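Enquirer: Sequence:
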Amino acid sequence: MKRLGKYAAASVALILLLVLVSCSSGEEEKSVTIGVYGGDWEANIGEAIDSFEKETGIKVNVIAGTDAEWYMKMRAADGSNVPYDLLILQPDTIQRAMSADLLEPIDEEKAPHVAELYNSVQQRFEKDGKDYAAAFSMGQLGIAYAPNAVENVPENWLDLADEEYQGQLGLSSPSYSAGLQFFSGVTQALGGEEGNPEDIDKTFEELKKINKNAVAYPDNPGTIQTLLDRGEISIIPFWDGRIFALQDAGMDIDFVYPKDGAVAAVASWAMMKNAPHEDNAYKLLDYLSSPEVHSMFSEKSYYGMANENTQYSDAIKDKVKVGEDQFASLKWVDYEVSTGKVSEWTNRWSRELGE
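In numbering that gives the first Met the number 0, the protein residues as written are 0 to 354.
No lab work stands behind these hints, which were simulated from the structure alone.
None of these values were measured; they are calculated from a predicted model.
Glycine residues also receive a C-beta, built at the ideal position from the N, C-alpha and C atoms.
Errors might be hidden in some of the hints.
With a straight-line cut-off of 20 Å between C-alpha atoms, the simulated SDA-like cross-links for lysine to any residue are [stated by the list, open to error]:
id, residue 1, residue 2
1, Lys-316, Met-295
2, Lys-299, Asp-317
3, Lys-129, Glu-150
4, Lys-316, Pro-290
5, Lys-211, Leu-352
6, Lys-126, Ala-99
7, Lys-318, Met-250
8, Lys-320, Val-152
9, Lys-258, Lys-316
10, Lys-258, Glu-150
11, Lys-58, Lys-109
12, Lys-258, Thr-345
13, Lys-208, Thr-345
14, Lys-211, Gly-221
15, Lys-340, Asp-200
16, Lys-258, Glu-154
17, Lys-282, Thr-55
18, Lys-320, Pro-290
19, Lys-58, Ala-47
20, Lys-282, Glu-115
21, Lys-29, Val-59
Now the in silico label distances, taken between C-beta atoms and shown as ranges [claimed, not checked]:
id, residue 1, residue 2, range
22, Glu-351, Ala-314, 40 to 50 Å
23, Met-250, Gly-78, 42 to 52 Å
24, Asn-346, Lys-208, 18 to 28 Å
25, Glu-150, Lys-29, 26 to 36 Å
26, Gln-122, Gly-194, 14 to 24 Å
27, Lys-201, Asp-278, 42 to 52 Å
28, Ala-67, Lys-201, 29 to 39 Å
29, Asp-77, Lys-316, 43 to 53 Å
30, Gly-249, Glu-291, 26 to 36 Å
31, Glu-192, Gln-122, 13 to 23 Å
Start from the sequences, fold in the hints, and give me the full structure.
Expert: Dropping the structure here:
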């Protein structure tokens, strides 16, 4: 009888263990982990995440961070025990992750809304006929200006060299993402390519002309906002959504999309290779790629969106340029070149422009 009691106790313990494992497995099956940018970005996507959880019962574990830290962890994991399922990433990180075989090509059958994203944008994330990202927020770098201080609004990137803007201009170096996009915009406005050293020389010659009008060299959104608010600068290359948000908050500021091409500043969703909760990740990716979520995010962020069926309020439509024609005309940074050159360009910027 004693021996039977021991067997019975062992059986009960085994059953309890199996129940616990089963519960734990169920919880794992009902979750997904994503990385998003902190601050306003995390707040703006929050409503969509809450709605997804209520509709599906899937718990979304949100990790706020940046491309740099996510990419470091992706490389360390190398496709094994990946800490994320979905990440919101910039084009340069997507390109590096594709090259390092860290991303899963997107299966549109599992995320049908991806087929509704603008083709001209999706082509940027294509390799061997497969998409490795789903475009989301369509930021565009153009020229912000204070209407009360700028009489003649610049229409093109090279207009920033005009003498009438002397003492009004803010410039960001290539070490800051907006600065790198501006650098690329000038290079392409001159008809050059970032991979051609002679074209880069021409870019710096033009930047020297533009720099004669510069009085500040901000390298983050907070500093740019402060300089504009204080009137210390009245013109600066910056992102449309950021400026329209400041405008809506009461700042006397406006924005122009350069005729020679705004520069793409696109945030896109990417699926991790060997994502631990792939099925749930696809459900979330499809949801986040829907026109309803794109409309919701646009209203909060003031950015155009990548789903061609996105509905915009009159307030957004009157400000933001969207559509296939607009997005097809965007200039894109050549990140295959710039990733390895940005330090060199930044050092040269400091030497030659005297920042």
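Enquirer: Of all the hints given earlier, name the ones this structure violates by number, lowest first.
Expert: Of the numbered hints given earlier, those the structure breaks are 3, 12, 14 and 25, listed in rising order.
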